[in-house]
Structure formats: structure tokens, C-alpha cells
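> Here the protein sequences line up with chains A and B, keeping their order. In this text, residue positions in the first sequence follow our numbering: the first is 1, and each later residue adds one. In this text, residue positions in the second sequence follow our numbering: the first is 1, and each later residue adds one.
Rather than coming from a laboratory, the hints here were simulated on the basis of the structure. Quick reminder that beta carbons are idealized off the backbone N, C-alpha and C, glycines included.
Label pairs and their computed distance ranges (CB to CB): (1) B:Asp4 to A:Leu117: 47 to 57 Å; (2) A:Pro70 to B:Tyr86: 17 to 27 Å; (3) B:Arg89 to A:Pro70: 22 to 32 Å; (4) A:Arg18 to B:Asp4: 31 to 41 Å; (5) A:Ala48 to B:Arg20: 46 to 56 Å; (6) A:Arg18 to B:Arg20: 41 to 51 Å; (7) B:Arg90 to A:Leu33: 46 to 56 Å.
From chain A, some residues computed to sit far from chain B (all C-beta separations above 12 Å): (8) Arg36; (9) Glu38; (10) Glu40; (11) Arg42; (12) Ala44; (13) Phe103; (14) Val105; (15) Ala116; (16) Leu117; (17) Ala119; (18) Trp122.
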Amino acid sequence: MSDPTPRPPSGADADAERLEAMLSDYVEGTLSLAERQELEARLAEDPALREQLEETRAAHDALRRLNKTPAPEELGKKVEELIHRRSAGRFFGRRAFGDRVPFGVLLVVALVALVALAALLWSSTTGSLRPEPRDAPRPPPEARDVIPRP
Amino acid sequence: MSSDRQLVRRLRDRDEQAFRELVAEHRDRVYNLTLRMLGNRVEAEDVAQEVFIQVFKYIDDFREEAKLSTWLYRVTVNLCKNRIKYLARRHDRDRDQLDDTNEAAASAALAAPGGTTPRPDRALEGAQLERVLQDAINSLDEDHRVLVVLRDVEDLSIEEICAITGEKDGTVKSRLHRARLALRKKVTRHL
Chain A
1 MSDPTPRPPS
11 GADADAERLE
21 AMLSDYVEGT
31 LSLAERQELE
41 ARLAEDPALR
51 EQLEETRAAH
61 DALRRLNKTP
71 APEELGKKVE
81 ELIHRRSAGR
91 FFGRRAFGDR
101 VPFGVLLVVA
111 LVALVALAAL
121 LWSSTTGSLR
131 PEPRDAPRPP
141 PEARDVIPRP
Chain B
1 MSSDRQLVRR
11 LRDRDEQAFR
21 ELVAEHRDRV
31 YNLTLRMLGN
41 RVEAEDVAQE
51 VFIQVFKYID
61 DFREEAKLST
71 WLYRVTVNLC
81 KNRIKYLARR
91 HDRDRDQLDD
101 TNEAAASAAL
111 AAPGGTTPRP
121 DRALEGAQLE
131 RVLQDAINSL
141 DEDHRVLVVL
151 RDVEDLSIEE
161 ICAITGEKDG
171 TVKSRLHRAR
181 LALRKKVTRH
191 L
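Using the sequences and the hints given, assemble the complete structure.
If you want it as C-alpha cells, here you go:
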């Protein structure tokens, strides 16, 4: 609030604030009986206060007659579109395969693909990941000579 | 409050249907509040959209000490205040966008009760009064504006206004009195 009220109001200020609050309640008809009697006694002897009361009552009545303007029909749709756009579709879970990027699904697919590739390489006879068995037959020495040296 | 809790839980679960329910329930009040605070239809719609986006963005931070609606209106008031400051900085004082629909509705609201069709002169009178009042609201400082809009236009309880503004009961009532007084002076000057 812009009113300079960082500190509690002093005695006179507190009285003024209480009177203003009472006038506000009086206009709205929510003042207690004791306070209403107190205020009416003050109003009876203070024309300026009576004028103030009439002014605020007139403002209160006029404001209450202001009509309520309904929101534009498309407001909700616009908000939904904005949320989808700003979150790149990640906000709502329902659109997991719509405009949302399905990072979880992509991760699972990538892992499955890696496992399949590893199994393929494992079973391959040419580029296998499988270690060469220790007791595998070695080529005969003369065969080694056939292999061209770099 | 328990339905509030359920709705909040669904919102936290990013339930799109919950989002739609929240918007459907509060959009008119949020929009009317932004319209009365800003006095400009385009700005009001823009801020109203931003309100719901902020609510969804920060729903995980909502501590449920207050009602969801109170939190929603607090967000609305804060965003309106920010927009007022922003517009003031830009010297954008064009508040003349209360549209024809609004003015027609205003005249209807101010016409004689009983559902009778307002006479053209009465309709014009109503529209003029609507504009004069809106101009007077616009000329109040933002804190006084908040109070008259929340209490006299939106009819929120003093208790709820205290929760929204974070001010004490007596302070709100006292400032409300001053705000009405200031508004009345401005209206009298216009008429």
C-alpha cells in the first residue's frame, strides 16, 4: 500500500483510522450496535463528518451498480495455447505424443536399440565383440608366410 | 476447501481438465477485476491470460494456507499493479477502450428494474456514468483502486481483501473510506 504506514499510527492517527473504519462499516451496514450509536452521536454534532459520510455512501452505491463484464469466450483457449507454446508442450501430461517431446520414451528406445546392436555384434562371426577363445587353433607357420606383411 | 485441495492436487499433476475447470470458474471474475483495475479491454485480457499462466507456473509453490481463489486474486492484483506501473512508465494513458458491449451492458444495469428496455437517453446516461466512474477509478492511486474494485465492484469480503492485500482489517476499512471519498470527489468534478 502506498500510504506511509510503516509504523503503528500514533494516538490521533489511530483515532482517525478508527473513525474512518467505522464510517466504512456504517456505509456497509456492518457496524455493531454500540459503535453505531457512538458514530451517530458524533454525526449528530459534526456536519463535516455527515457530509463525508454522504460522499462515501454515494461512491459506494455508484460502484456497486457498475456492471460485471464477462471474460471473452476465447480466453481459456488462448491461455491453453500460450501454456503449450511456452512450455514446448511439456506442461500437460496428456499430450505425451502430441507436441510434447517424450524424453522418457526416447531414452527407453535408445537403450533397446543399444542392447540389440550389442547382441548383433556378439553373434556376428566377422566383427564380433566376443573374445577369441584361448584354445582356438592357430594357423600353421607356413600359412603365416602367406599373409602379406605390411 | 477440500474440493480446493483436490483441484490443487490435480493441477499439480498437470491435469488439463483441472486447468479448464479453474479457468471456467474464475475467468469472469479475474477478467472483470483486471478490466476495472486497468480500464482497458486489451490490457485486461492480456493480464487475465497472464494470471492463469502464472497460477499454473507456480501452483507447486501454493502453500494452501489461503483459499485457492484468494491466491488467484492476489496474483491478479499483483499483476495489475505491475501493469499499471509499466503503463505509467510508457505514458500509456489511453483508457478509452471500454467497448460498445460493455457500455450497452452498463446502460442496462443502470436502467429501471423489471427487465424493461432502457430508453436511448437512459442508455446513453448509463454509458456515460460507466465511463465517468471508470475514469475516476483509473485516476485513483493503485492501492485505493485495488480496494474499491475488490470491495465495491467485486463484492469480496473485508476478510478476503485482508488476505489478498496482506493488510489489517482496520487499515483496509480506513483506506477504503478514503478511497471512496477520493473517488466521489473525482466523479463530482467530472459531472
